[in-house]
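Chains as they are written, first to last, in the UniProt record's numbering: chain A, 1 to 368; chain B, 1 to 130.
Keep in mind the hints are simulated off the structure, nothing from the lab.
Virtual Cβ for every residue (Gly too), placed ideally from N, Cα, C.
Hints may be right or wrong, so weigh each one.
To be verified - Distance ranges between label pairs, derived from CB positions:
{"no.": "1", "chain 1": "B", "residue 1": "D87", "chain 2": "A", "residue 2": "K304", "range": "28 to 38 Å"}
{"no.": "2", "chain 1": "A", "residue 1": "E9", "chain 2": "B", "residue 2": "D22", "range": "44 to 54 Å"}
{"no.": "3", "chain 1": "A", "residue 1": "Q12", "chain 2": "B", "residue 2": "T110", "range": "44 to 54 Å"}
As the list claims (entries may be wrong) - List time: in silico DSBU-like cross-link candidates among lysine-lysine, alpha-carbon distance up to 30 Å:
{"no.": "4", "chain 1": "A", "residue 1": "K4", "chain 2": "B", "residue 2": "K65"}
{"no.": "5", "chain 1": "A", "residue 1": "K285", "chain 2": "A", "residue 2": "K304"}
{"no.": "6", "chain 1": "B", "residue 1": "K65", "chain 2": "A", "residue 2": "K348"}
{"no.": "7", "chain 1": "B", "residue 1": "K65", "chain 2": "A", "residue 2": "K125"}
{"no.": "8", "chain 1": "A", "residue 1": "K125", "chain 2": "A", "residue 2": "K249"}
{"no.": "9", "chain 1": "A", "residue 1": "K365", "chain 2": "A", "residue 2": "K42"}
{"no.": "10", "chain 1": "A", "residue 1": "K249", "chain 2": "A", "residue 2": "K287"}
{"no.": "11", "chain 1": "A", "residue 1": "K249", "chain 2": "B", "residue 2": "K65"}
{"no.": "12", "chain 1": "A", "residue 1": "K304", "chain 2": "B", "residue 2": "K65"}
{"no.": "13", "chain 1": "A", "residue 1": "K17", "chain 2": "B", "residue 2": "K65"}
{"no.": "14", "chain 1": "A", "residue 1": "K17", "chain 2": "A", "residue 2": "K42"}
{"no.": "15", "chain 1": "B", "residue 1": "K104", "chain 2": "A", "residue 2": "K287"}
{"no.": "16", "chain 1": "B", "residue 1": "K104", "chain 2": "A", "residue 2": "K348"}
{"no.": "17", "chain 1": "A", "residue 1": "K287", "chain 2": "A", "residue 2": "K348"}
{"no.": "18", "chain 1": "A", "residue 1": "K356", "chain 2": "A", "residue 2": "K285"}
{"no.": "19", "chain 1": "A", "residue 1": "K42", "chain 2": "B", "residue 2": "K65"}
{"no.": "20", "chain 1": "B", "residue 1": "K65", "chain 2": "A", "residue 2": "K365"}
{"no.": "21", "chain 1": "A", "residue 1": "K172", "chain 2": "A", "residue 2": "K17"}
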Amino acid sequence: MGQKTALYEKHQQMNAKLVDFGGWDMPINYGSQVEEHHIVRKDAGMFDVSHMTVVDVTGADAKEYLQYLLANDVAGLKQQGKAMYSAMLNETGGVVDDLIVYLMTEPHVGGEWFRVVVNCATREKDLRWMADHTAHFDNVALTEQPDLAMVAIQGPNARSKVASVLSESRVKLIDDLTVFQGVESEGWFFARTGYTGEDGLEVMVPEDEVAGFWQALADAGVSPCGLGARDTLRLEAGMNLYGADMDEKVSPLAANMGWTIAWEPAERNFVGREVLEQQRQAGVKEKMIGLVLEARGVLRSHQKVIINGEEAGEITSGTFSPTLGCSIAMARVAAGAIESCHVDMRGKQVEVKVVKPSFVRNGAKVFS
Amino acid sequence: MSDIPSDLKYVASHEWIRDEGDGVVTIGVTDHAQDLLGDVVFVELPDVGTEYDNGDDIGVVESVKAASDIYAPLSGEIVAVNEELEDSPEQVNSDPYGDGWFIKLRLSDTSELDALLDAEGYAELCEAEA
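Pulled out of the complex, with its shape left as it was, chain A reads as follows (with noise of 0.2 Å):
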């Protein structure tokens, strides 16, 4: 038996199949995940994600430190509630772990504070690393938030349902959200973010007042849906997923992550970055490439790439596509020109099409 969250008897209530997750009992469907996926794309679908793991930053020194731990610059975080997406890299530049990280609105002993949502598979580590940084400063401190439960809500309709049931006064912080932006509220975070490619929001509640809202939610006519439709909906929207598509020992130059690296200004010391330097120099190996299979079948994780007739890399995420109604997948494979490219599915090489690692947004197919 793993940890549940706070919506278990929800998920046991709407018939959800429950599966393992990083030590967690979370429903992976609730009869059809392309069902859900598709309700994501049209409507409104929910998820949850309390296994998530929430850490207040705080302190006078709570931005220097940030600026130190993470390759992309919390000093671009202007607006208040602003969100990044960011990689917290090791020395020797590889991922730790991905992360979000918010400037927080509420006025807090100390100053400016952020507050950093981290994957559930590498809380422990996460929490380790962090904790081990915040030695070079003296001011910080981490306050993990184990009592906020979190739901997603995503899909073209998703803000309008949650408006419907909210009281005035949040309905109008969530309307003045803008994208990847959140709003604190009487103990709440309303945040216009996500994991699928659609509008939505992420709202941190609670743990005693998720299952209520969890419930005026389904009244309202928003699906819940599991971590499988959640999966296919990242992966169209060329969302990597870490443990899969990069981890410790790959850099983010070699896991399409380059864009979340601020390399300015140049005087900013960073974990990774004398090593994320050199590789940058010296040109980086590999590369992330997205695949489309246009015949029938499903591309899987660690299926051979050959590329020019040679082995380059192999598949780190492969899927169905829902949307598109046909196998997509994200390679990490040697830089370098593409003539061909084929997979090793079950002994028998196939072609595939090569595109960037992104299939779908806002419910459209992005590439050609």
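With chain A's structure known, arrange chain B on it following the hints.
Quick look at chain B alone, frame taken from chain A:
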């Protein structure tokens, strides 16, 4: 608990067999199997007219989770395949014993039917695997 109709026969590889009485059987995968597979997205079936021996690899079911081989549970010749599955593979999930059928096989040796599991035997097997 999954649905295991008492009028069908079964094999350990989670296929069901309906004896149509004229030397022909209809074959599909069980409710338990479709539940394990998750949403089925492609089904690759053999050509009509091909002959297979008991245990031969005759096709593939691809679900969101994995690719699984389909085995011939009996020896014989393929006399029909469910062409609807090409456009509607989800029928395997929604109606595994009806619209989700895979193939019809003309048996080369009807005595092979005697070796199949009945519903009770298959239920025990599922329980033992759980």
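Evaluation of the provided hints:
1. The hint said 28 to 38 Å for the Cβ distance between D87 of chain B and K304 of chain A, and at roughly 31 Å that hint holds.
2. Between E9 of chain A and D22 of chain B the C-beta distance comes to about 52 Å, which sits within the given range of 44 to 54 Å.
3. Checked against the hint of 44 to 54 Å, the pair Q12 of chain A and T110 of chain B passes, with Cβ atoms roughly 46 Å apart.
4. Under the criterion of a C-alpha separation no larger than 30 Å, the hint pairing K4 of chain A with K65 of chain B is consistent with the structure, at around 24 Å.
5. Among the hinted pairs, K285 of chain A with K304 of chain A is consistent with the structure: their alpha-carbon atoms are about 17 Å apart, no more than 30 Å.
6. Taking the CA atoms of K65 of chain B and K348 of chain A, the gap is about 20 Å. The hint holds against a cut of 30 Å.
7. For the proposed pair K65 of chain B and K125 of chain A, the alpha carbon gap of about 28 Å is at most 30 Å, so the pair holds.
8. With a CA separation close to 15 Å, the supplied pair K125 of chain A and K249 of chain A stays within the 30 Å bound.
9. Only pairs whose Cα atoms come within 30 Å are accepted, and K365 of chain A paired with K42 of chain A is accepted, the gap being roughly 14 Å.
10. At roughly 14 Å between alpha-carbon atoms, K249 of chain A and K287 of chain A fall within 30 Å of each other, so this suggested pair holds.
11. For a cut-off of 30 Å, the pair hint linking K249 of chain A to K65 of chain B stands: about 26 Å separates their Cα positions.
12. Under the criterion of a C-alpha separation no larger than 30 Å, the hint pairing K304 of chain A with K65 of chain B is consistent with the structure, at around 18 Å.
13. Proposed proximity of K17 of chain A and K65 of chain B is supported: the alpha carbons are some 14 Å apart, at most 30 Å.
14. At most 30 Å may separate the alpha-carbon atoms for a hinted pair to count; K17 of chain A and K42 of chain A meet this at roughly 23 Å.
15. Note on K104 of chain B and K287 of chain A: the hinted pairing is violated, with a Cα-Cα distance of about 47 Å set against a maximum of 30 Å.
16. In summary, the hint linking K104 of chain B to K348 of chain A is supported, as the alpha carbons are separated by about 27 Å, within the 30 Å threshold.
17. For the proposed pair K287 of chain A and K348 of chain A, the alpha carbon gap of about 24 Å is at most 30 Å, so the pair holds.
18. Proximity of K356 of chain A to K285 of chain A is assessed by CA-CA distance (about 17 Å); at most 30 Å being required, the pair is judged to hold.
19. Distance check on the hinted pair: K42 of chain A and K65 of chain B sit about 23 Å apart at the alpha-carbon level, within 30 Å; holds.
20. Annotation: proposed proximity of K65 of chain B to K365 of chain A holds, straight-line Cα distance about 23 Å (limit 30 Å).
21. The hinted pair formed by K172 of chain A and K17 of chain A fails the criterion: a straight-line CA distance of about 36 Å is larger than 30 Å.
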